[in-house]
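K.L.:
Protein chains in written order, with the numbering used here: chain A, 1 to 125; chain C, 1001 to 1183.
Read the hints as simulated data drawn from the structure, not as lab findings.
Calculated cross-link-like contacts (lysine-lysine; reagent style BS3-like; alpha-carbon spacing at most 30 Å):
hint: 1; chain 1: C; residue 1: 1113; chain 2: A; residue 2: 11
hint: 2; chain 1: C; residue 1: 1113; chain 2: C; residue 2: 1139
hint: 3; chain 1: C; residue 1: 1141; chain 2: C; residue 2: 1113
hint: 4; chain 1: C; residue 1: 1141; chain 2: A; residue 2: 34
hint: 5; chain 1: C; residue 1: 1139; chain 2: A; residue 2: 11
hint: 6; chain 1: A; residue 1: 34; chain 2: C; residue 2: 1113
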Amino acid sequence: MTSYRFSISPKSRTVGRFLGRVRRELQRAFAEEKRARNLTQAEIARALGVDRAVVNRQLMGTENIGLRRVAEFAWVLGRDLHFSLEKPSLPIGSNADLRSEPQKEKVPSSSGAPSAGTYTAAGVT
Amino acid sequence: MNSGAKDLSIYLVLTYMATLTKLVADGALFEIEPDLDPGAQPFRYLYAVPGFRRFLDEVPSLESAWNIEETPAEQLDDLLAEFLGTEPFAVRWRFGPLFPPRGKPWPGVWELKTADLRIFGWFPRRNCFIAVNGCHAAKVKQIHGLYGAFRDEVVRVRNALPIDEPYVTGEDYHDVISLLYFP
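Let the hints inform the model, and build the full structure from the sequences given.
P.N.:
Following this line, the structure appears as structure tokens:
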């Protein structure tokens, strides 16, 4: 066996990835606010009227998070919420491989252009 | 860098990467392929030793110790999509180092994490992880010394593999993941 793909049912995959995406959005917004205005989990907890441990567990993913709490997090983090259901715009298999050939990964670029290994995004260190 | 040194560095990189590829060809490692959503792009690499397959086969039967909506299988699927794609990775909540016992040198062992799962391995280079073993998080926390046993197993397996430059020696999160954030 040279490769393996972990597969679950399409339903489970849709559910798991959606829940993961929602949680990551909250985590990243929290990380941004923490950096920008030193917002703490304790302050979020006070604003929401819950224990700090609840905020920690919900951000970490060890406690379920309902739609109401998602909206409350958005409010306390100063974020607008957008929700929509859209038909897929890309067919399955539309995945351009961003990874450089392993052999080329660490070869310095003569043009100075960033390689995949130094990719950064706004708001992320 | 003069041309001689550049040639040498290219040679070393080619030799080193050929070793990883050869380990896959020889069956000492296998690659975990990305199963990304349409439009998402593979960015990082994930390999595993053959024994890791036992953990992958076990995950669908595991239950969440936190009684949360996501099953461990859904958590793993999401983790793999996040790691192999372009998602920024959350320091400590998604990955972290396994520290050595006091007084011992840094072993270069890391774990990938979900709410219920822990995956132990090392980074042979940045954005490239080799998984050795995995376990239910509750079990790891419950059994004293299990973290150390997994850490030592990673080192043992790594030492047995013929890789010229076996692991990223840096302890900084940026040494192993290039796109990350600190929650």
